[in-house]
Amino acid sequence: MAETRLDTDTVIDIQDLYKSFGDLHVLRGVNLKISRGENVVVLGRSGTGKSVLIKIIAGLLRQDKGVCNVLGNEVSTLNENELRDLRLKIGFSFQNSALYDSMTVRENLEFPLVRNVANLSRAEINEQVEYVLDAVGLLQTINQVPSELSGGQRKRIGIARTLILKPEIMLYDEPTAGLDPITCLEINELINEVKEKYHTTSIIITHDLTCARTTGDRIAMLLDGIFLKQGTFEEVFDTNEERIKSFYDYNFIQ
Amino acid sequence: MSAKQKEHVYTKKIDSALLAVYNGYSFFIRFFREAFRGRMEFQEIIKQCYAIGNKSLLLIGMTGFITGMVFTKQSRPSLAEFGATSWLPSLVAIAIVRALAALVTALISAGKIGSSIGAELGSMRVTEQIDAMEVSAVNPFKFLVVTRVLASTISIPILMFYCTMVSLMGAFLNVYLNEGTSFIAFFENAFEQITFLDVGTSVAKAVAYGFTIGIVGCYQGYNANKGTEGVGKAANSAVVISMFLIFIEEVIIVQVSNYFRI
Numbered sequence: 001m002a003e004t005r006l007d008t009d010t011v012i013d014i015q016d017l018y019k020s021f022g023d024l025h026v027l028r029g030v031n032l033k034i035s036r037g038e039n040v041v042v043l044g045r046s047g048t049g050k051s052v053l054i055k056i057i058a059g060l061l062r063q064d065k066g067v068c069n070v071l072g073n074e075v076s077t078l079n080e081n082e083l084r085d086l087r088l089k090i091g092f093s094f095q096n097s098a099l100y101d102s103m104t105v106r107e108n109l110e111f112p113l114v115r116n117v118a119n120l121s122r123a124e125i126n127e128q129v130e131y132v133l134d135a136v137g138l139l140q141t142i143n144q145v146p147s148e149l150s151g152g153q154r155k156r157i158g159i160a161r162t163l164i165l166k167p168e169i170m171l172y173d174e175p176t177a178g179l180d181p182i183t184c185l186e187i188n189e190l191i192n193e194v195k196e197k198y199h200t201t202s203i204i205i206t207h208d209l210t211c212a213r214t215t216g217d218r219i220a221m222l223l224d225g226i227f228l229k230q231g232t233f234e235e236v237f238d239t240n241e242e243r244i245k246s247f248y249d250y251n252f253i254q
Numbered sequence: 001m002s003a004k005q006k007e008h009v010y011t012k013k014i015d016s017a018l019l020a021v022y023n024g025y026s027f028f029i030r031f032f033r034e035a036f037r038g039r040m041e042f043q044e045i046i047k048q049c050y051a052i053g054n055k056s057l058l059l060i061g062m063t064g065f066i067t068g069m070v071f072t073k074q075s076r077p078s079l080a081e082f083g084a085t086s087w088l089p090s091l092v093a094i095a096i097v098r099a100l101a102a103l104v105t106a107l108i109s110a111g112k113i114g115s116s117i118g119a120e121l122g123s124m125r126v127t128e129q130i131d132a133m134e135v136s137a138v139n140p141f142k143f144l145v146v147t148r149v150l151a152s153t154i155s156i157p158i159l160m161f162y163c164t165m166v167s168l169m170g171a172f173l174n175v176y177l178n179e180g181t182s183f184i185a186f187f188e189n190a191f192e193q194i195t196f197l198d199v200g201t202s203v204a205k206a207v208a209y210g211f212t213i214g215i216v217g218c219y220q221g222y223n224a225n226k227g228t229e230g231v232g233k234a235a236n237s238a239v240v241i242s243m244f245l246i247f248i249e250e251v252i253i254v255q256v257s258n259y260f261r262i
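Chains as they are written, first to last, in full-length UniProt numbering: chain A, 1 to 254; chain B, 1 to 262.
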């Protein structure tokens, strides 16, 4: 495996990352270093490339230029098997949950487990499925299909499905998008619980300031394809930079 | 539009057509690469076979029955002119076994199964379910594409045999009502002219059609563009392209089988 030495503490190291789609230049030299156990929130307006960034980290997209080093591996140079091994350590919670429609909640959770962990007995599979469902507080939905679940429940099940492989890194794509304020708070709490229980390092993509404040150890403000400012919530928003201020004001007004 | 702009538009169109051919070819090659390596998803193949059979059994049965009946009815006057209506069962059986059953099954399946595969995978692509499989270290191509293509390649020949029998029943009903021919006499006469080559060719056709319907449906769905419009487009293209390819395959297979017949 193309493994590079990283500081023992650094889990994700992104240097000078560029990504374009035709004439649309989405990322224009992004730099980001994330330490083990850290929750980093990437804030920014829609269409600024936040989701593209985590898709590059998960190997779903390939950067045009720059370095994307995850757990000591340059993602773009990995072969199929190496990428598969790396993905076992990454959990990806999608914006729309991406639950498999044709499967029940149990089958959704079993799906990655039985295909990635060899020689599990039925009892062990059941135990692990029930454990993660319990962790997200939705054990009672085990035999339901996704269409019977609410938006918040779907998000939780999506997170549970990633947790079943016990990832080291969690990537959350707009975890609170389209949810009511109370469910948003529940999801934010869940993100913090996951960090404590599973000792994960997380990137949370959002434009929701409450989510950013509640879950982020560090905030990275992505604007016009680069990280304009990084730091704690207060450090980022204590600024005279017009674009950051207007982003804050807009959220506040909302 | 200036000449230069026109040239640019044509170049772009040629580029995208060549790219589509290349992508289709890569998808085809990838199918064979993935089909023969790693764990086989037998349970999913069986599930898909059941879904394909279940979806089209009634429709193929009804279409086959009507085809057999109508074909017999239409053929009678021509044979009657020569006083050869006793040849009707043989004529109908040859037509059904050599051409009609496989073609009817394939065309119905292209509409029913091809569109369903295209729409299902297209919707999975649009809702990021395929990406979700990929990031959870599961090979979506193996689970979604290989299983569906194999299932349709296995199921279409079975459906074709079913369609053959139902069509012959339709033909028998018509002959019985008009000539009063018995069941045994009809089928003895019908199968008299059927050779192993006829059956073999039909099976080969059905396998080719099944594979085509599966791979085209999967290709269109798997590569659907973002958005709900892409899902509809995938389903539609799956039907149109697979039907077109089925007719091309029909011509090629008939030419090859005729070569052996001589």
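No wet-lab data here; the hints were simulated from the structure.
Check before you lean on any hint, since a few could be wrong.
[Stated by the list, open to error] Distance ranges between label pairs, derived from CB positions: (1) B:LEU58 - A:HIS199: 52 to 60 Å; (2) A:GLN140 - B:PHE42: 27 to 35 Å; (3) B:MET40 - A:ASP249: 50 to 58 Å; (4) B:TYR22 - A:MET103: 48 to 56 Å; (5) A:ARG122 - B:TYR176: 28 to 36 Å; (6) A:GLU107 - B:LEU57: 24 to 32 Å.
[As the list claims (entries may be wrong)] Here are the computed lysine-lysine pairs in the DSSO-like style, where the Cα-Cα straight-line distance is at most 27 Å: (7) B:LYS55 - B:LYS233; (8) A:LYS65 - A:LYS229; (9) A:LYS55 - B:LYS233; (10) A:LYS89 - A:LYS65; (11) B:LYS12 - A:LYS65; (12) A:LYS55 - A:LYS89.
Note that beta-carbon positions come from the ideal geometry of N, C-alpha and C, so glycine has one too.
Going down the list of hints, with the structure as the test:
A beta carbon spacing of about 55 Å between LEU58 (chain B) and HIS199 (chain A) agrees with the range 52 to 60 Å that was offered as a hint. Our hint of 27 to 35 Å for GLN140 (chain A) and PHE42 (chain B) holds, since their Cβ atoms are close to 32 Å apart. The hinted range of 50 to 58 Å is satisfied by MET40 (chain B) and ASP249 (chain A), whose Cβ atoms lie roughly 57 Å apart. Taking the beta carbon of each, TYR22 (chain B) and MET103 (chain A) are about 34 Å apart, not inside 48 to 56 Å as hinted.
At about 55 Å, the CB distance of ARG122 (chain A) to TYR176 (chain B) disagrees with the hint of 28 to 36 Å. Between GLU107 (chain A) and LEU57 (chain B) the C-beta distance comes to about 26 Å, which sits within the given range of 24 to 32 Å. With a CA separation close to 21 Å, the supplied pair LYS55 (chain B) and LYS233 (chain B) stays within the 27 Å bound. Only pairs whose Cα atoms come within 27 Å are accepted, and LYS65 (chain A) paired with LYS229 (chain A) is accepted, the gap being roughly 22 Å.
Between LYS55 (chain A) and LYS233 (chain B), the direct Cα distance comes to roughly 26 Å. Compliance with the 27 Å bound is thereby established for this hinted pair. Under the criterion of a C-alpha separation no larger than 27 Å, the hint pairing LYS89 (chain A) with LYS65 (chain A) is consistent with the structure, at around 24 Å. A threshold of 27 Å between alpha carbons decides the hint, and for LYS12 (chain B) with LYS65 (chain A) the separation of about 26 Å falls inside it, so the pair holds. At most 27 Å may separate the alpha-carbon atoms for a hinted pair to count; LYS55 (chain A) and LYS89 (chain A) meet this at roughly 15 Å.
Comparing the model with each earlier hint shows violations of hints 4, 5; every other hint is respected.
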